[in-house]
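Chains A and B supply the protein sequences, listed in that same order.
Numbering-wise, the first sequence is residues 146 to 503 according to the working numbering.
Numbering-wise, the second sequence is residues 146 to 503 according to the working numbering.
Warning: the hint list may mix true and false statements.
What the hints assert, rightly or not - Listed next, with one range per pair, are the computed distances between beta-carbon atoms:
| hint | chain 1 | residue 1 | chain 2 | residue 2 | range |
| --- | --- | --- | --- | --- | --- |
| 1 | A | A199 | B | H302 | 33 to 43 Å |
| 2 | A | R451 | B | R274 | 46 to 56 Å |
| 3 | A | D476 | B | G365 | 44 to 54 Å |
| 4 | B | D271 | A | E154 | 33 to 43 Å |
| 5 | B | P270 | A | D485 | 49 to 59 Å |
| 6 | B | G458 | A | A199 | 47 to 57 Å |
| 7 | A | D443 | B | A440 | 34 to 44 Å |
| 8 | B | P270 | A | A199 | 51 to 61 Å |
| 9 | A | A440 | B | D250 | 49 to 59 Å |
| 10 | A | Q223 | B | C219 | 49 to 59 Å |
Keep in mind the hints are simulated off the structure, nothing from the lab.
For glycine and all other residues, C-beta sits at the position ideal for the given N, C-alpha and C.
Protein chains: 2
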Amino acid sequence: LNRRACTAEPLDLARIRRQCDAALARFLDGKSQDLPGSTRTIDIAGVLRDYVLAGGKRIRPVVCVVGWHAAGGCGDPQPVLRAAAGLELFHAFALIHDDIMDSSDTRRGSPSAHRLLAALHAARPDSERLGTNTAILLGDLALVWSDEMLHTAGLTHRQLGDALPLLDAMRTEVVTGQYLDLLSGGQPSPDLDHTMTVIRHKTAKYTVERPLQLGAALAGADPDLLGTCSAYAVPLGEAFQLRDDLLGVFGDPHVTGKPVLDDLREGKATPLMALAVRRATAGQLRLLHELVGAADLDEHGAAEIRGVLEDTGARDTIEHMIDVRYRRSLDALAHAAFPDPAAEALRRIAASATGRTA
Amino acid sequence: LNRRACTAEPLDLARIRRQCDAALARFLDGKSQDLPGSTRTIDIAGVLRDYVLAGGKRIRPVVCVVGWHAAGGCGDPQPVLRAAAGLELFHAFALIHDDIMDSSDTRRGSPSAHRLLAALHAARPDSERLGTNTAILLGDLALVWSDEMLHTAGLTHRQLGDALPLLDAMRTEVVTGQYLDLLSGGQPSPDLDHTMTVIRHKTAKYTVERPLQLGAALAGADPDLLGTCSAYAVPLGEAFQLRDDLLGVFGDPHVTGKPVLDDLREGKATPLMALAVRRATAGQLRLLHELVGAADLDEHGAAEIRGVLEDTGARDTIEHMIDVRYRRSLDALAHAAFPDPAAEALRRIAASATGRTA
């Protein structure tokens, strides 16, 4: 028996996305006005606003709002939209600090935050260092303000009390996942289990499970329902990241907005690479050790690596793993008692997150 | 008419400090056990525990607990102690990121977090970079966990609802204060107003006002009482930072735990330096421009700078400014309706924060 939905209308995900963007713009515009100005400073709240609104799929806020509908959420959606939008500020925090740690120059086809800030302080002799330092602070602000958006969303005490433990768990998962990821870069490794652990912590829980649970909790979901959310979300989150890893190597940079050599130059430890290393011949392994993680890797070298990822069947296996997880996720959804509009939206989200080209 | 105190006993500040340390140790030991281990990782919760407990005066947690008593707080102090201890984790976040931005090698007489982490990863070829990157994450964790300590302190919904806006304000103040500070380093500047703005944001509100208000809010303080807290705390916080600036230049490094050349080499923009620049003769100004902010400044150069700070009367003026603020703070206290044990503790805190040698 399905929970009753407030509406039988399909959920308009593009509209939810626009509403979250509007909430973010309102919040950050307010911060621009509140902060102490100085002739020496730039409007960092404005910088964060432009950074956040310039791109991104808003998958976390959208999943959160759908989670609220899935758990039978009714009434004024504004507090939930604002709390959901706060997840995007948390994501901005993670991206900004991640790009500093990886020394990435671009994000979503635009300059990364530390590059952007270095350019804004270009008149100063220490602009490079200032770019990195102010980006650390910009990330800190994004984290702090993601909380403030939640705290000031107009939620009841009860809703806030239900939300905080989920967010606390999510934040520890993301940061410790980043830590595991940081320590596994460099040389290609055959440690498939380790890369799957990183994926689970850094992405699977954070991108789908926790946002969905957060939305459901805001509608008063009980532990059973939160478990149902996980059954759908964890395999989907893994599939999402496996697709992301494929796009990082085989994707079209004009579509992904991410230079296709970055992941390979960084020597990012992915299940894709771990599988290739496990199956490589001695010659292929030599090639991987030589090229993966090389800072000066060129397009020719990347083509050679791609050849190994295909010839070892690693790429096909990852496609298969995505497919298995996608089906597991849909299967969980079929057994969930979500209202039809929410279930239908979650099916669409699963299809686009696993089959996406960007 | 004074508010009724639960007890007429004097508050034992050293005991409060020990109780906060015990709460921190319990929380972080729990995190050490919860986090996913790996042969590649080190116990970062344990690293944070050792870092936090190695030193520090715990002024923020102590002030917070005294604030609770000042507002007539009664009953089980444990939730308040745990929430107060969370302020120390927030402080660890601020210090860790600050030391990365300043490239400081030491903190409280021990290695700074990024140096500590670089040493722990010394076996890896990229240990320097890994030290900085993992320190960014360690700071992020400290921030995230400071919240979690508060959320799980056992406060009522009402208490939490009263605490969050104060903490949100504090966190924005600290990060934007850091930002102002970052942009003002380098060359000595005569801009006294600017340095006082930085002090107010970065330290005065954060070190005394917000912790005191937080404690008072946890005891149900009304806006009037929170205003009384500010009247005591803002001048005291300014005096505290002015003393800190003096110690950074004239203090004994064996007592402060801070190399006495760091502030001068960094070219830290302080009211002390701004006053000296405003009053300097042409010759003194040349000397300041040449030596302040020079990365290779030696003890001889530092002695020359100290001479200018004294000869211009800048040092004496700062001592006078500390004294004025100390008296203003005590005056506010005399007019506050705090219970005697709390008022007496706040008098002791004011004396030690403005006259301290470390």
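Cross-check of the supplied hints:
1. A:A199 to B:H302: 33 to 43 Å: Roughly 37 Å apart at Cβ, these two residues keep to the hinted range, so it holds.
2. A:R451 to B:R274: 46 to 56 Å: violated, 28 Å
3. A:D476 to B:G365: 44 to 54 Å: Given about 51 Å between the Cβ atoms, the range holds.
4. B:D271 to A:E154: 33 to 43 Å: violated, 53 Å
5. B:P270 to A:D485: 49 to 59 Å: holds, 56 Å
6. B:G458 to A:A199: 47 to 57 Å: About 51 Å separates the Cβ atoms of B:G458 and A:A199, which means 47 to 57 Å holds.
7. A:D443 to B:A440: 34 to 44 Å: holds, 37 Å
8. B:P270 to A:A199: 51 to 61 Å: violated, 36 Å
9. A:A440 to B:D250: 49 to 59 Å: With Cβ atoms ~27 Å apart, the hint is violated.
10. A:Q223 to B:C219: 49 to 59 Å: With a Cβ separation near 38 Å, A:Q223 and B:C219 fall outside 49 to 59 Å, so the hint is violated.
Of the numbered hints listed earlier, those contradicted by the structure are 2, 4, 8, 9, 10.
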